[in-house]
Amino acid sequence: MELHELEAIAEREQSQRARLRILCCAAAGCQASGSLEIKRRLETVLTAAGKLAEVDIMPVGCMGLCGHGPLVRIEPSGELFERVTPADAEELVAALEGGPCNVPRCDRNHPFFTRQLPIVLRHCGQINPERIEDYIAVGGYRTLYHVIHEMTPAEVINAITRSGLRGRGGAGYPTGLKWATVAKSPGERKFVVCNADEGDPGAFMDRSVLESDPHLVLEGMAIAAYAVGAEQGFIYVRGEYPLAIERLQKAIVQARRLGLLGAQIFESGFNFRIDIRVGAGAFVCGEETALIASIEGRRGQPRPRPPYPAESGLWGMPTLINNVETFANVTAIIENGPEWYASIGTAKSKGTKVFALTGKIRNTGLIEVPMGISLREIVEEIGGGTPDGIPVKAVQTGGPSGGCIPASLFDTPVDYESLAAVGSIMGSGGMVVMDEHTNMVDVARFYIEFCKDESCGKCIPCRVGTVQLFNLLTRLRNGQGSGNDLIEIEALCELMRETSLCGLGQSAPNPVMSTLHYFRHEYERLIGAEVEHGS
Amino acid sequence: MAAKTLTIDGHLVSARPGAMLLETIREAGITIPTLCHLDGLSDVGACRLCLVEIEGQRRLQPACMTTVSEGMVVHTNTPRLRSYRRQIVELLFAERNHVCAVCVASGNCELQRLAALVGMDHVRYEYMSVAYPVDISHPRFGIDHNRCVLCTRCVRACDEIEGVHTWDVSGRGIDSRVITDMNQPWGTSTTCTSCGKCQLACPTGAIFPRGVTVGERPHASERIALIVEARKQRW
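Chains as they are written, first to last, in this note's numbering: chain A, 1 to 535; chain F, 1 to 235.
Warning: the hint list may mix true and false statements.
[To be verified] Example chain F residues on the side facing chain A (calculated, C-beta under 7 angstroms, incomplete):
| hint | residue |
| --- | --- |
| 1 | R48 |
| 2 | L51 |
| 3 | P62 |
| 4 | Q87 |
| 5 | L91 |
| 6 | E95 |
| 7 | C100 |
| 8 | E126 |
| 9 | G173 |
| 10 | I174 |
[What the hints assert, rightly or not] Some residues of chain A that are not near chain F, with every Cβ distance over 10 angstroms (derived):
| hint | residue |
| --- | --- |
| 11 | R162 |
| 12 | R256 |
| 13 | A420 |
| 14 | P461 |
[What the hints assert, rightly or not] Computed far set for chain A versus chain F, every beta-carbon distance over 12 angstroms:
| hint | residue |
| --- | --- |
| 15 | R40 |
| 16 | N102 |
| 17 | P153 |
| 18 | P307 |
| 19 | K348 |
| 20 | R362 |
| 21 | G372 |
| 22 | A407 |
| 23 | L409 |
| 24 | G423 |
| 25 | T466 |
| 26 | I527 |
Just so you know, these hints were derived from the structure itself, not from any lab.
The C-beta atom is built at its ideal place from N, Cα and C for all residues, glycine as well.
Please work from the sequences and hints to get the whole structure.
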């Protein structure tokens with residue numbers, strides 16, 4: 001594959017594109033609400049009208065407003081229709097040419113659309129994720145060519161460092177520094193691993209990216225491999241994401257066929273192959289050392305760090321592990337320059353972050369916003385507040401490792417340090433909104449139950465501590481707790497945070513500690529209940 | 001490479017380069033509790049009892065898996081560490097059936113000694129009181145899961161010293177259990193060589209020899225290290 005061949009594919013794609021197009025969301029969310037049936041119905045209607053040749057019906061990735069799905073967009077007008085049913089097909093076809101259409105439209109001027117800044121999601125809902133030609137037509141794989149032929153590995157790492165990109169898996173480790181460490185660590189072989197074991201309750205950012213734009217992640221991984229000197233990559237994706245796995249498999253085969261992965265990429269000396277490893281349903285395998293053990297075929301359990309995987313990872317070799325979203329940022333940084341990327345966001349948190357907005361919120365879906373935006377803007381403007389107008393009580397960020405931030409702190413900017421300062425974490429991007437009717441003790445108990453079920457059982461504080469904490473919270477919720485139980489809960493939280501082996505156990509108490517901090521009265525009220533009952 | 005000098009609990013101590021903190025601490029005559037560590041086996045850092053404070057490091061580190069470095073300042077016995085250790089031992093006692101008064105391994109048990117060492121006189125947590133099975137299908141040995149603390153010393157002894165890997169762990173979290181082969185009765189295992197190293201390594205007597213009275217039961221986990229040492233000298 002040469003650059004001119006790549007451009008020829010892009011030109012052919014653009015010239016063959018029909019003027020009239022209907023884009024049906026074919027990501028898992030809309031598929032679940034019947035988008036494939038809508039697509040079939042549209043095809044039948046167009047065939048009957050003899051217009052199938054003039055109109056392209058494209059399955060595309062996530063269009064963001066998942067809670068209002070299935071979503072269908074028509075081009076060139078760009079109108080977006082929500083809650084479409086197969087019966088709407090005739091009207092949608094009529095709307096293509098300006099005809100009457102009563103299918104509900106989304107307001108494209110709503111802050112949900114206007115306040116977003118898509119970088120990672122820039123192709124989502126625009127291209128067919130199952131065709132590499134679509135990705136090439138929007139400029140795909142040009143950055144990889146540019147990197148291989150015009151940049152040294154050190155220059156690539158330098159660009160990533162200067163961009164200020166930090167790990168999007170949640171901890172926010174500087175990506176450039178990690179790449180540099182892997183590049184400098186001695187090893188006869190090196191590996192690049194994409195962590196797609198997204199498991200936080202309410203989080204679906206990585207799934208959406210993989211289902212909507214798999215090649216963006218593959219290209220990011222290839223650039224990373226070139227930078228650190230790896231020839232083998234793995235994508236560790238959870239088994240609960242069958243559609244993402246299927247699309248990744250297709251994408252890898254397509255890229256290999258065109259010589260964009262495999263040996264001598266772009267006729268250079270650079271070789272890189274990617275294989276998929278499917279997780280078997282353990283949340284802890286998202287922890288990097290457990291993930292490594294799982295890829296190696298061992299029981300998915302973490303081990304103490306150091307040594308960090310950057311020095312000693314897969315089979316003891318230097319291994320670069322980044323999250324899906326981190327890799328998805330790479331091409332844009334190289335394409336537009338690190339200064340452009342660093343100009344977005346705050347002093348210490350650069351670029352954008354993808355969030356999965358769920359819970360008691362009007363606009364449930366996937367959003368990408370610049371770092372530094374306030375929680376209030378996300379919840380009230382983009383999210384549109386709660387569906388029933390009940391005041392928002394709190395928002396939970398970072399899943400079972402994160403905390404609950406009360407509505408009184410909604411002016412907190414969304415960046416790594418600010419979220420940590422209010423007792424939560426950025427996390428991978430799950431954002432669960434809760435209204436005034438939510439019982440915060442139940443919320444804490446839910447997350448502890450999750451951690452209890454997902455603890456690997458290796459270290460004692462996490463294995464037994466989560467169970468004891470769960471029992472204490474259950475007792476409290478049932479009105480059988482005492483003031484002493486609250487003290488025990490706090491002591492257990494501290495023990496787990498300080499002594500657990502891996503991030504799962506260390507951060508498992510966060511939902512309890514943050515609700516105890518901000519909503520202590522809810523816990524204390526439950527103790528009072530017992531006293532009343534007793535008297 | 002030159003020997004390293006570090007400070008442990010206020011004493012200057014020298015260590016050979018590459019040594020683990022745990023062996024250096026013990027060489028210095030300082031007592032530090034451990035459970036999943038056994039001389040002769042690889043370390044896993046799972047029991048969290050040997051956690052120490054190292055100045056300049058935010059997190060506590062397991063002494064068994066931390067390499068010494070020059071100028072390291074280590075605290076092994078602060079009030080905070082003592083409190084954590086006690087809590088961890090209490091959690092273990094609440095997890096399965098570890099009631100010494102009615103246990104045949106009483107007086108012959110590392111967990112019991114550990115409880116005495118960390119000063120545990122009562123358990124503040126709710127006992128989980130789950131009845132686990134006892135497997136006595138093997139002609140020479142038995143395993144009582146009620147006494148197991150999941151230290152995985154048997155798993156490592158079987159894998160690393162005997163080279164068989166009959167033992168492993170199944171399930172996760174609180175449902176974890178050591179198993180033989182593919183979770184079959186021990187007596188039907190086709191890989192077990194009946195060498196008994198798992199029984200030597202077991203800290204609590206969850207794995208026990210059959211046909212021996214408790215008083216006669218030798219608790220000799222140090223023999224694992226002797227085997228490793230003997231092999232080194234022979235080869």
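Hints versus structure:
Because the closest C-beta pair between R48/F and chain A is about 5 angstroms apart, less than 7 angstroms, the hint holds. Interface hint status for L51/F: upheld, as the beta-carbon distance to the closest one in chain A is roughly 6 angstroms, under 7 angstroms. The restraint placing P62/F at the interface with chain A holds, with a minimum CB-CB distance near 6 angstroms, inside the 7 angstroms limit. Residue-level restraint check for Q87/F holds (minimum Cβ-Cβ distance to chain A is 5 angstroms; threshold 7 angstroms).
Satisfaction of the interface hint for L91/F is found here, the shortest Cβ-Cβ separation to chain A being roughly 4 angstroms, below the 7 angstroms cut-off. At a threshold of 7 angstroms, the smallest CB-CB gap from E95/F to chain A is about 5 angstroms, leaving the interface hint in force. The interface hint given for C100/F is broken, as the beta carbon of that residue sits about 18 angstroms from the closest beta carbon of chain A, more than 7 angstroms. Taken as an interface hint, E126/F checks out: its beta carbon lies about 6 angstroms from the nearest beta carbon of chain A, inside 7 angstroms.
Taking 7 angstroms as the C-beta cut-off, the interface hint given for G173/F holds, the closest approach to chain A being about 4 angstroms. Hint status for I174/F: holds, given a least beta-carbon distance of 5 angstroms to chain A, under 7 angstroms. With a least beta-carbon separation of about 27 angstroms from chain F, R162/A lies farther than 10 angstroms from that chain, consistent with its non-interface assignment. The claim that R256/A lies off the interface holds: its Cβ sits roughly 36 angstroms from the closest Cβ of chain F, which is beyond the 10 angstroms cut-off.
Distance check on A420/A: its Cβ is at least 13 angstroms (rounded) from any Cβ of chain F, clearing the 10 angstroms threshold; non-interface status holds. With a minimum CB-CB distance of about 6 angstroms to chain F, P461/A fails to clear the 10 angstroms threshold, and the non-interface call is violated. With a closest Cβ-Cβ approach of about 42 angstroms to chain F, R40/A is found to remain outside the 12 angstroms limit, as its non-interface label requires. For N102/A, the condition that its CB be more than 12 angstroms from all CB atoms of chain F holds, with the nearest at approximately 52 angstroms.
No Cβ of chain F approaches the Cβ of P153/A within 12 angstroms, the least distance being about 30 angstroms, so the stated non-interface status holds. A Cβ of chain F approaches the Cβ of P307/A within 12 angstroms, the least distance being about 10 angstroms, so the stated non-interface status is violated. For K348/A, the condition that its CB be more than 12 angstroms from all CB atoms of chain F holds, with the nearest at approximately 18 angstroms. R362/A, annotated as away from the interface, keeps every beta carbon of chain F farther than 12 angstroms; the closest lies near 37 angstroms.
At the 12 angstroms boundary, the C-beta of G372/A stays outside the reach of chain F, the nearest C-beta of that chain being 26 angstroms off. Separation of A407/A from chain F is adequate, the least Cβ-Cβ distance of about 31 angstroms exceeding the 12 angstroms criterion. Under the 12 angstroms C-beta cut-off, the non-interface status given to L409/A relative to chain F holds; the minimum distance is some 25 angstroms. Under the 12 angstroms C-beta cut-off, the non-interface status given to G423/A relative to chain F holds; the minimum distance is some 17 angstroms.
Here T466/A does not stay apart from chain F, with its beta-carbon only about 7 angstroms from theirs, under the 12 angstroms limit. Against the 12 angstroms criterion, I527/A stays outside the reach of chain F, whose nearest CB is about 17 angstroms from its own CB.
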